[in-house]
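Mind docking chain B on chain A? Use the hints.
So you can see what is in the structure, the chains are spelled out below.
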Amino acid sequence: MNVRADPTRQLVRLRGRSYVAFVFSPVVPIVEWLAEIDATLARSPGYFVGKPIVLDLASVDLSSAAISHLLGSLNERNIRVLGIEGVDEERLGANMPPLLTGGRACVITRSEPVQKAEPEAKPKPNSLLLESPVRSGQSIVFMEGDVTVLGSVGSGAEIVAGGSIHIYGTLRGRAMAGVNGNSNARIYCQRIEAELLAIDGYYQTAEEIDISLRNRPAQAWLEGDTMKITPLN
Amino acid sequence: MAKVLVVTSGKGGVGKTTSTAALGAALAQSGQNVVVVDFDVGLRNLDLVMGAERRVVFDLINVVQGVAKLPQALIRDKRLENLWLLPASQTRDKDALTDEGVGRVIAELRSRFDWILCDSPAGIERGATLAMRYADEAVIVTNPEVSSVRDSDRIIGMLDSKTVRAERGERVEKHVLISRYDPARAARGEMLTIDDILEILATPLLGIIPESQEVLKASNVGTPVTLNNAESAPARAYIDASRRLMGEEVAMVVPAERKGFMDRLLGRRAA
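Respectively, the protein sequence lines represent chains A and B. Residue numbers 1 to 233, in my numbering, belong to the letters of the first sequence in order. Residue numbers 1001 to 1271, in my numbering, belong to the letters of the second sequence in order.
Pulled out of the complex, with its shape left as it was, chain A reads as follows:
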């Protein structure tokens, strides 16, 4: 059998693609029109860089030499012309951009240079500061770290923290520290009248808290499996 390998033929594939181009429509006198372009460039240099530009000459009657001069002037301003519209083909020289037809008008959405986003999001704060008293019925839950309260924590209020809890008023409600399993968390308060103290799941209710500690500055921490509460200072 005769085996013959056909050479694979490379097909020239033609695909359509559309781009939005800026259309320049010069008006006479050309010199003033160019000054207008210069003013735009002064406001935002590089505004036309990398943008496809089409020259619409329908509203002016320019000779071949004049078109060539206009293209040169635009070239000096770093404006490269993709094609030319609205002119007789014979006026375009061989080294000029091609004649374009069939363009459709559309709205140009100006894409301003976007402000670069913050290089990286700030790390989440790992402490929460409350400047007002925590009222009865309010529940403050902050798993990310420590909670500091400058006022008091009312009876029937609760503070739940992943880290330690610091209260610079009277603690009358519940304080639960180290709820994420942080056994090193502690609870500090200026006056202890707490309903419940808990650290990492170990807790003491008001009844179990030594009566001699009441109304005094105190701290609570875990020593192994037992919660210790001692007066501060």
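Please keep in mind that the hints were generated in silico from the structure rather than gathered at the bench. A virtual CB, placed ideally from N, CA and C, is assigned to each residue, including glycine. The reader is advised that the hints may include incorrect statements.
What the hints assert, rightly or not - Beyond 12 Å from chain B on every Cβ pair, some chain A residues (computed):
hint	residue
1	L34
2	A105
3	P123
4	P133
5	G137
6	G181
7	Q219
What the hints assert, rightly or not - Here are the computed distance ranges between Cβ atoms for each label pair:
hint	chain 1	residue 1	chain 2	residue 2	range
8	A	S25	B	E1108	57 to 65 Å
9	B	D1095	A	E223	49 to 57 Å
10	B	S1147	A	T226	31 to 39 Å
11	A	V23	B	T1098	33 to 41 Å
Claimed, not checked - Stretches of chain B that chain A covers, calculated by requiring three or more beta carbons in the stretch to come under 8 Å of a beta carbon on chain A:
hint	region
12	1146 to 1160
13	1194 to 1207
Coordinates of chain B only, in the frame set by chain A:
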């Protein structure tokens, strides 16, 4: 500029309605245009304390639902021509109040009055939250007992979070009004002290209303205590409180136990 003031407490029976009527009448007596609004839909009382119960035709619910116009529901006080009452409905419940409807009524009242005093129902449900919703200021009525103080603390928390002002990042100006203060029991250490209450609530004091038979007497005849007997101890305390609300500096009087000559002679305590 009109001020919307809610009289609230959380706990029932502490004297919200008495205080609303007494403060409203005291403000009106000093020339302010005042309306007292009963938000206790279903359990209304303010009309009784104001002595207007027989003149109620339309009420707050009718106005909120658009059945009646505001001027049809407003009742002018017989004693003071610049004191008005907007009564609550006794036959409906608090679910008949809508946030939007209450907002509309309060806005209309603002254009007519200097002071709009909202008598809140007890509790922390719909009626109480809507009564405080549009408030600029709040009077928190508290008895010198732990249960009342804790409920007041809860209400203060809600004033700081659930009101329109709080949601806009502004503050509702709050005042604590201690009512039913019994100097004799205070002297025996049977009640929370004023200092304890203020320390727990961390809110400025508006006044201390002594426990008195005058309050009961006044509400039984349907007259705010400040109108019934302006010289009585509770009336004087309410009048002082109303002057503080208007921004005056008035020295705070802590009611003291008054002992008669014979009592002192015999070392007896007034019960």
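Hint check results:
{"no.": "1", "hint": "L34", "in the structure": "holds (54 Å)"}
{"no.": "2", "hint": "A105", "in the structure": "holds (47 Å)"}
{"no.": "3", "hint": "P123", "in the structure": "holds (26 Å)"}
{"no.": "4", "hint": "P133", "in the structure": "violated (5 Å)"}
{"no.": "5", "hint": "G137", "in the structure": "violated (4 Å)"}
{"no.": "6", "hint": "G181", "in the structure": "holds (30 Å)"}
{"no.": "7", "hint": "Q219", "in the structure": "holds (22 Å)"}
{"no.": "8", "hint": "S25/A to E1108/B: 57 to 65 Å", "in the structure": "holds (59 Å)"}
{"no.": "9", "hint": "D1095/B to E223/A: 49 to 57 Å", "in the structure": "holds (53 Å)"}
{"no.": "10", "hint": "S1147/B to T226/A: 31 to 39 Å", "in the structure": "holds (34 Å)"}
{"no.": "11", "hint": "V23/A to T1098/B: 33 to 41 Å", "in the structure": "violated (57 Å)"}
{"no.": "12", "hint": "1146 to 1160", "in the structure": "holds (count 9)"}
{"no.": "13", "hint": "1194 to 1207", "in the structure": "holds (count 3)"}
Comparing the model with each earlier hint shows violations of hints 4, 5, 11; every other hint is respected.
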